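Below are the chains, spelled out letter by letter.
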Amino acid sequence: MAVIKDAKKQPDLSLQVLTTAALMLPGLLSPVAHSAEGDEVDFQYSHYQEGKRNISTVATDLLIGSNSVAGIKSFNPIEVESLHGSAKISLTDRVKFAFNYTQDTWGGATPMTTAPAVFNTNFSLLAADGLTVVGATPYLRGEKPILLDSQKNPLLANIDPNTGENIYIKNNQLTHTISYASPETRKQGDFKLTYEWDEAAVSVGGGISLEDDYESRFGNIGGRWDLNQKQTTLNLDLSYTNSDTHAIVNHDAAVYYDRSAYELRGKIEKIKSLDNKEILHGNRQDWATHFGVTQIINKDALIGADVSYTRSTGYMANPYKAVNVVFIDPDKQFDPPPSGFQGSLQALAEQRPEVRNQWNLGGRYVQYINPLDAALHFDYHFSADDWGIQAHTFEADWVQPVGYGWTVTPRVRYYSQDAADFYTPWLTTQQGFNFNKDANGNAIVLPYDPSKLPTNFSSDQRLSGFGALSGGVTVTKQFTKGLSLETGFEYYTHQGGLKIGGGGEGAFSNYDYWVANAALKVDLAALSLNGGGNAHTGHQHHNHGVHAPAGVMFDHMLSKAGDFMVGYRYMYGSQGDPMLHDSNPVGDQAIVANGCSPNPCFLASDSMTMNMHMLDIMYAPTDWLTLMLMPQFMDMNMSMRRLDGAPSDDLAVNNVGNPIDPSTGTPFNIGQHIQHHIQNGHETGGIGDVSLYAMFKLFDNGMHHVHITPGFSAPTGDVDIQLQRNHKVEGGFIHYGMQLGSGTWDFKPSLTYTGHVDQFSWGVQANGTVRMEDQNKSGYALGDMFQATTWGSYNLTNWLTASVRGMYTLQGAIKGQFNGQINQYGPMDYPQNHGGKYWDVGFGLSAAVPSGDLAGNRVSVEWLQPVEDNVNGYQLERDGALSATWSYHF
Amino acid sequence: MKLTGLAAKMLLLTVGALLVGCTAVQPWERGNLAKPQMALDPYPLQNALRAHNYGSREAAAGGNAAQGGGCGCY
Chain A
0 MAVIKDAKKQ PDLSLQVLTT AALMLPGLLS PVAHSAEGDE VDFQYSHYQE
50 GKRNISTVAT DLLIGSNSVA GIKSFNPIEV ESLHGSAKIS LTDRVKFAFN
100 YTQDTWGGAT PMTTAPAVFN TNFSLLAADG LTVVGATPYL RGEKPILLDS
150 QKNPLLANID PNTGENIYIK NNQLTHTISY ASPETRKQGD FKLTYEWDEA
200 AVSVGGGISL EDDYESRFGN IGGRWDLNQK QTTLNLDLSY TNSDTHAIVN
250 HDAAVYYDRS AYELRGKIEK IKSLDNKEIL HGNRQDWATH FGVTQIINKD
300 ALIGADVSYT RSTGYMANPY KAVNVVFIDP DKQFDPPPSG FQGSLQALAE
350 QRPEVRNQWN LGGRYVQYIN PLDAALHFDY HFSADDWGIQ AHTFEADWVQ
400 PVGYGWTVTP RVRYYSQDAA DFYTPWLTTQ QGFNFNKDAN GNAIVLPYDP
450 SKLPTNFSSD QRLSGFGALS GGVTVTKQFT KGLSLETGFE YYTHQGGLKI
500 GGGGEGAFSN YDYWVANAAL KVDLAALSLN GGGNAHTGHQ HHNHGVHAPA
550 GVMFDHMLSK AGDFMVGYRY MYGSQGDPML HDSNPVGDQA IVANGCSPNP
600 CFLASDSMTM NMHMLDIMYA PTDWLTLMLM PQFMDMNMSM RRLDGAPSDD
650 LAVNNVGNPI DPSTGTPFNI GQHIQHHIQN GHETGGIGDV SLYAMFKLFD
700 NGMHHVHITP GFSAPTGDVD IQLQRNHKVE GGFIHYGMQL GSGTWDFKPS
750 LTYTGHVDQF SWGVQANGTV RMEDQNKSGY ALGDMFQATT WGSYNLTNWL
800 TASVRGMYTL QGAIKGQFNG QINQYGPMDY PQNHGGKYWD VGFGLSAAVP
850 SGDLAGNRVS VEWLQPVEDN VNGYQLERDG ALSATWSYHF
Chain B
0 MKLTGLAAKM LLLTVGALLV GCTAVQPWER GNLAKPQMAL DPYPLQNALR
50 AHNYGSREAA AGGNAAQGGG CGCY
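Those protein sequence lines, which keep their order, are chains A and B.
The first sequence runs 0 to 889 under numbering that gives the first Met the number 0.
The second sequence runs 0 to 73 under numbering that gives the first Met the number 0.
Everything labelled a hint here was simulated from the structure, so no lab data went into it.
Nothing here was measured: the structure is a model prediction, and the numbers come from that model.
Quick reminder that beta carbons are idealized off the backbone N, C-alpha and C, glycines included.
Stretch-level coverage of chain A by chain B, calculated; a stretch enters the list once three of its residues show a Cβ under 8 Å from a Cβ in chain B:
no.	region
1	365-379
2	407-418
3	456-468
Within a straight-line C-alpha distance of at most 27 Å, the following computed DSSO-like cross-link-like pairs (lysine-lysine) qualify:
no.	chain 1	residue 1	chain 2	residue 2
4	A	727	A	276
5	A	331	A	169
6	B	34	A	229
7	A	271	A	727
8	A	271	A	436
9	A	776	A	814
10	A	72	A	776
11	A	298	B	34
12	A	476	B	34
Given the sequences, and given the hints that come with them, work out the whole structure.
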């Protein structure tokens with residue numbers, strides 16, 4: 000930052016440009032750290048959407064009874080919602096700090112195994128008309144007899160309508176067996192600290208990534224060295240990652256695939272108290288090193304080359320993948336096809352080598368195209384490992400500024416890889432498969448002879464031979480004052496046929512996806528260069544001396560036409576034991592009897608947490624009006640417990656009547672899902688409702704200020720999130736409180752009064768939420784809400800303010816109910832157990848940077864402590880809520 | 000490992016060729032090189048996201064040192 004500061008003192012524009020250019024070079028030449036590019040705060044949202052996969056099933060013609068292989072589309076393809084926030088700040092002239100936070104929530108259908116289609120591993124589910132396919136349920140052991148010809152080709156059996164005898168049709172069509180996974184969330188935080196000299200830098204970084212079933216911790220060190228008047232830059236990095244898998248074995252799938260190989264090595268933990276919950280444990284470690292050179296070729300081109308090596312050891316398999324193996328038991332050839340075999344289809348948890356060495360070598364070339372002021376980037380990388388995978392990646396993009404701060408960048412990428420040595424879609428083996436378990440159901444020996452199978456096997460399509468072609472465009476707009484918007488779209492297609500040299504996996508494994516993203520970038524360095532932050536060292540004026548607690552929204556307007564504010568607002572709330580009825584703790588017996596009226600309760604939520612990330616973008620077109628746009632992103636999780644004295648799981652019901660099992664003619668036992676609820680916490684996450692507000696100034700005499708804020712929220716958050724299907728029964732809608740939005744257009748008015756004298760400030764606010772529709776697309780509407788709050792603040796110093804606040808909230812119960820199936824196991828699945836009256840007190844601190852480059856930045860936190868809950872029906876007690884805000888006013 | 004040697008030789012050759020074939024570019028001649036479109040990675044935010052998407056769908060290692068990224072187990 001030294002150079003920037005110098006540039007500010009020196010008004011000569013050309014010098015400023017030159018020094019900025021010189022300053023940018025190290026950052027430009029360094030793939031290690033973005034932090035050298037300057038102080039910046041970024042927010043990015045992205046949505047990933049996979050296309051429906053082609054899978055196969057066996058269709059039976061009901062009239063003539065003949066079987067044939069039919070293609071269907073998988074349901075609920077994978078979706079991922081991601082949020083990324085990052086900050087890069089210069090702690091001193093030479094010390095830079097960068098922090099990243101990422102979270103993504105994904106859910107949807109994924110391949111679990113691969114098998115010949117004639118085995119019917121995707122059993123199609125039909126609608127009431129008996130014709131329309133509405134879904135597919137995975138049968139890991141196949142639903143049809145496992146028949147092979149003499150060459151071990153799969154056979155489909157049919158009855159000849161003329162002779163009445165069996166006929167066998169060879170069919171080698173393969174299919175993935177698809178299973179749906181309920182949403183889950185990953186969160187990652189990482190940092191990098193860099194010390195810079197004029198011609199070198201060293202950095203140290205680390206981070207952690209957390210998922211329910213995977214935890215990863217990593218650290219890295221790196222160095223940069225500029226040579227030759229910064230025409231050449233060398234980079235060297237070393238990193239270490241340690242990752243633990245602790246995957247919960249799906250209770251439904253558990254009996255259909257074999258994990259004995261892991262169980263016998265002590266990798267499977269069984270928890271009796273949670274209905275024999277099984278957890279597969281594994282650990283892996285990765286050491287990686289990377290060396291890169293960047294060289295300026297001439298004044299319009301530069302080139303980079305790099306090599307990296309990664310050594311990974313430990314458990315590298317995917318705990319949710321299995322390989323289908325046909326066991327041909329010579330002693331059980333009772334009714335094989337002529338000269339063929341009959342077998343039993345098993346699924347074995349996949350096994351991968353415990354060591355992997357990977358090399359990666361590549362380079363990139365960047366050419367300035369003078370007549371168009373554009374830049375062409377070309378990138379090629381080659382990768383090889385000792386699993387037998389060699390891969391090539393080609394990438395090109397064209398960065399084209401088009402004027403008025405707009406830049407358009409089309410890009411294309413092509414990737415091709417060979418299959419791993421141990422990749423196999425499915426296997427056959429000439430031996431029997433016999434479980435040998437003790438009285439507790441623990442494996443004593445493997446149910447097969449492993450010497451007759453490969454040591455390692457995986458049908459994961461990531462390890463198959465394939466090619467992938469993708470293309471997209473990035474559009475950026477640079478606004479004044481260092482604010483820019485970046486949006487991108489990309490389409491990606493994975494196809495066996497696109498592999499270089501041919502021989503890729505069959506079309507059954509093809510799939511595609513698109514991803515769209517939008518980012519808001521606040522360049523703090525550019526703002527301070529423009530004098531943006533410094534111009535507002537007297538920003539107490541802007542806030543009228545009022546620093547409302549972090550949990551209060553719409554507390555202040557921007558006072559000058561043309562002002563901007565970008566803010567980030569985080570809220571955390573948690574609920575836990577005990578369960579309340581009205582204001583009183585209530586025992587399990589009462590919940591069982593009354594919490595789920597007219598049905599009994601089986602479960603209660605044990606804890607629930609919610610995190611909300613909101614972006615707060617304010618703009619004042621005039622001095623009496625401030626507009627505010629607030630997109631939000633949220634995630635929630637809930638754990639559940641079985642209630643003491645609950646009736647048998649078999650008695651559980653849903654809201655639409657338990658469907659009839661066609662094979663038995665009796666209703667499905669939906670109570671089998673209860674075990675999943677106990678063993679697997681529920682998670683949801685993604686974009687919530689986006690709201691827009693207009694704040695009108697009613698009165699302002701410098702000491703007292705009143706404004707009114709009408710606002711609306713749009714139903715952008717999902718209200719139709721479902722749980723995964725298990726035991727042949729749909730998971731149905733997830734709990735009301737775990738959906739991401741209201742689903743209705745909501746009117747959100749508020750009235751705010753603030754005042755200040757000397758070091759004191761205070762405020763009162765009333766706000767409400769009125770649902771403008773009777774029901775959302777899922778059939779219900781959240782209750783209306785009214786909130787009143789008042790606070791007082793005192794400036795402890797010229798940069799630190801403390802606050803205390805009181806708040807009352809009234810929220811109505813849910814109206815209507817889900818218009819589709821919800822498995823009602825506990826109070827949280829019934830509309831009447833939502834809303835209530837709440838009293839809270841809040842304690843807050845707020846700190847502002849009064850001067851210097853970071854002036855205009857403010858950080859506030861507030862803890863809201865519940866004083867009393869008076870809930871509708873039966874609900875968990877609130878533990879409290881934390882609010883934290885950062886805002887930058889310019 | 001044979002590949003290791005090959006990689007090292009190729010890298011050495013590339014670097015050598017670069018150093019020989021380059022003209023000296025003085026700092027005041029680097030105006031074009033300093034433009035944002037000439038950054039080695041003009042969109043680090045978006046490219047980190049793309050790399051994460053590719054990384055959990057393809058078997059090849061990324062070119063950079065590990066940055067975390069989770070299991071991608073599905």
